Amino acid sequence: MKTDTDNSADSDSSNFIHNMIAEDVANGKHQGLVATRFPPEPNGYLHIGHAKSICLNFGMAKEFGGWTNLRFDDTNPDKESEEYMSAIKRDVEWLGFSWKSLCYASDYFDQLYDFAVALVKKGAAYVDSLSADEIREYRGTLKAPGKDSPYRNRTVDENLNLLEGMKNGDFDEGEHVLRLKIDMASSNINLRDPAIYRIKKTHHYRTGDKWNIYPLYDYTHCLSDAIEGITHSLCTLEFEDHRPLYNWVLEQTQPAGRPEQTEFGPLNLEYTVLSKRRLIQLVQSGVVDGWDDPRLPTISGLRRRGFTPASLIEFCKRIGVTKSAAVIEMQVLENTIREELNESAPRRMAVLDPLKVVITDWPTDHVQALEVANHPNQPEAGNRTINFTRELYIERSDFEEVPPPKFKRLVPDGEVRLRSGYVIKCDEIIKDADGNIVELHCSHDADTLGKKPEGRKVKGVVHWVSASDSVQASVRIYDRLFNRENPMAEEDFMDALNPDSLSIFEHAQVEPNLASASPETRFQFERQGYFVADLDTSEAHPVFNRVVALRDTWAK
RNA sequence: UGGGGCGUAGCCAAGCGGUUAAGGCACCGGGUUUUGAUCCCGGCAUGCGUAGGUUCGAAUCCUACCGCCCCAGCCA
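Taking this note's numbering, I'd label the letters of the first sequence as residues 3 to 558.
Quick caveat, the hints were computed from the structure, so don't treat them as lab data.
Take the hints with a grain of salt, since some may be wrong.
[Said to hold, decoys possible] Quick list of in silico lysine to aspartate or glutamate cross-link-like pairs, EDC-like style, CA-CA up to 20 Å:
1) K169 to D159
2) K410 to D447
3) K203 to E175
4) K183 to E136
5) K124 to E136
[Unchecked claim] Derived CB-CB ranges, DEER-like:
6) A197 to L104: 27 to 35 Å
7) T362 to G384: 31 to 39 Å
8) I439 to K459: 20 to 28 Å
9) K410 to K81: 54 to 62 Å
These numbers were taken from a predicted model, which means no experiment stands behind them.
We treat Cβ as the ideally placed atom computed from N, Cα and C, and that holds for glycine.
With the hints as constraints, model all of the structure from the sequences given.
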């Protein structure tokens, strides 16, 4: 059969969820509406794994003409805060997504309580007075069924009174818990009378001290979805086992909306950790410098590292959405930003580890202004002026007294092209008393500016800056945070930390125009990589972060 | 036989009974190049966890087996 050149694949992201939603819309399910939500708990900063969920939720709604809510799943005041909430909002906005409504599970506390009372009245929920330990024992194990709590058959009135008391703060934490009456022998442990309310006298960052009891996730989430009119509730795989419970609660409470949960595989990235708990540990232990440390896979860290929203979104598009436990290689992430910046980043020259070069046949005070292209393949990007002077700096690693095989940079008596400048020859190596190379004395071929040298080939090209017409800058080079592909496979993931994840070049010399670069502007430092002006940059102390190195087939 | 999932190349991932089994990343050549970059050209699964079966025809259907992931919070 002839496949009619699949127009269905025009949506560059065909995945099982997309297909399912497309089918729902085609069938007129939910009146053709696609309403999603992105529901983070404000207990930490968002990471790249959340970006996947954001792209999916907002992406599906947008594609099918629906809408998406940003909802804070704030039912555990012990861990949540205003700071996390604003950070999350900022990150979602930075990524470029707009929500229809800003929602809070805590806004539904009254409704949720009313539903709970109704459940008690119909005998579908009861107050249990077993201790946490006892409840665990009664729950049974993965293979053995649980058994009923002795409090399971309290009367409706008794339950109502106790629940009221719990709500009013008449009891201490842990004294009672409200449970759904489902099936203590279920093969699905989530259905063995899950707790839906616990007593907690913590101050809530939004509801203050109004509540002495807080609803739990399984009870809250499905009802929040229903209340908001969500049609497609997308979550990660670990909630697959919870879906029967999600549906049970909706069936019993009969809210107006009828959302459906669908699960997809969470993102895993090599050489890093993607769990709020681990990230909190890294931040609080001081191993990294805050939530926006450029080595972190947090949205704010990636932002400070120099990633753009477009590159992160492209990454999410490339990894796809499936139900398999995918572990994505770091190169996929790196490639998205490298690809974008290759197109958009203006070229500059920066010498991270300077070695002085004196052009002995260049007049002492002569300054030659060179017009240099901002982008080799884009004439429309224009030019900038850089000055050629008698004293220059080149990268220390671009000179080798005893070069390795195939080394095509500067060597004794050898020639090299100064990028956008002249071909120079190394005539003399100047060393200090300890034998360290302090400078190179070179001569230049005046007939090589913009032309090839006569009668010989010069293979190497090296970047440089004028010693007198460059400014000092601090340049931070980042490497992977962990040495192991999967840090979580270690006894303690902190043992897998890479001690060399950050190197700072305090005495880099860069083109003068770079001093005025405003934060978050990106450049390619030729032959080295893509860099972004850090938040801390200033005219007096320019600071750059390396986003990603250039591909380097020589280094391998 | 506790329940729920997943197995297509080094890593992702299309594919839904008939295609030479898409594409990306990675890798390996070759060409261009004043960035060892970019760009261009070419290569990269006789094979879809394994073994059987159904069928003219199977990655797609059936059966069995194997491997991996998740679940026993008053976390989400």
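These are the hints, each one checked on the structure:
Proximity of K169 to D159 is assessed by CA-CA distance (about 15 Å); at most 20 Å being required, the pair is judged to hold. Under the criterion of a C-alpha separation no larger than 20 Å, the hint pairing K410 with D447 is consistent with the structure, at around 18 Å. Distance check on the hinted pair: K203 and E175 sit about 7 Å apart at the alpha-carbon level, within 20 Å; holds. A C-alpha spacing of about 17 Å is found between K183 and E136, which places the hinted pair at or below 20 Å, so the restraint holds.
Between K124 and E136 the alpha-carbon distance is near 26 Å, which puts this suggested pair outside the 20 Å criterion. The supplied range of 27 to 35 Å is met by A197 and L104, whose beta-carbon atoms lie about 29 Å from each other. As the Cβ distance of T362 to G384 is approximately 34 Å, the hint placing it in 31 to 39 Å holds. I439 and K459 have their C-beta atoms about 26 Å apart, which keeps the hinted 20 to 28 Å range intact.
Taken as a hint, the range 54 to 62 Å holds for the pair K410 and K81, whose Cβ atoms sit roughly 56 Å apart.
The structure shown violates just one earlier hint, number 5.
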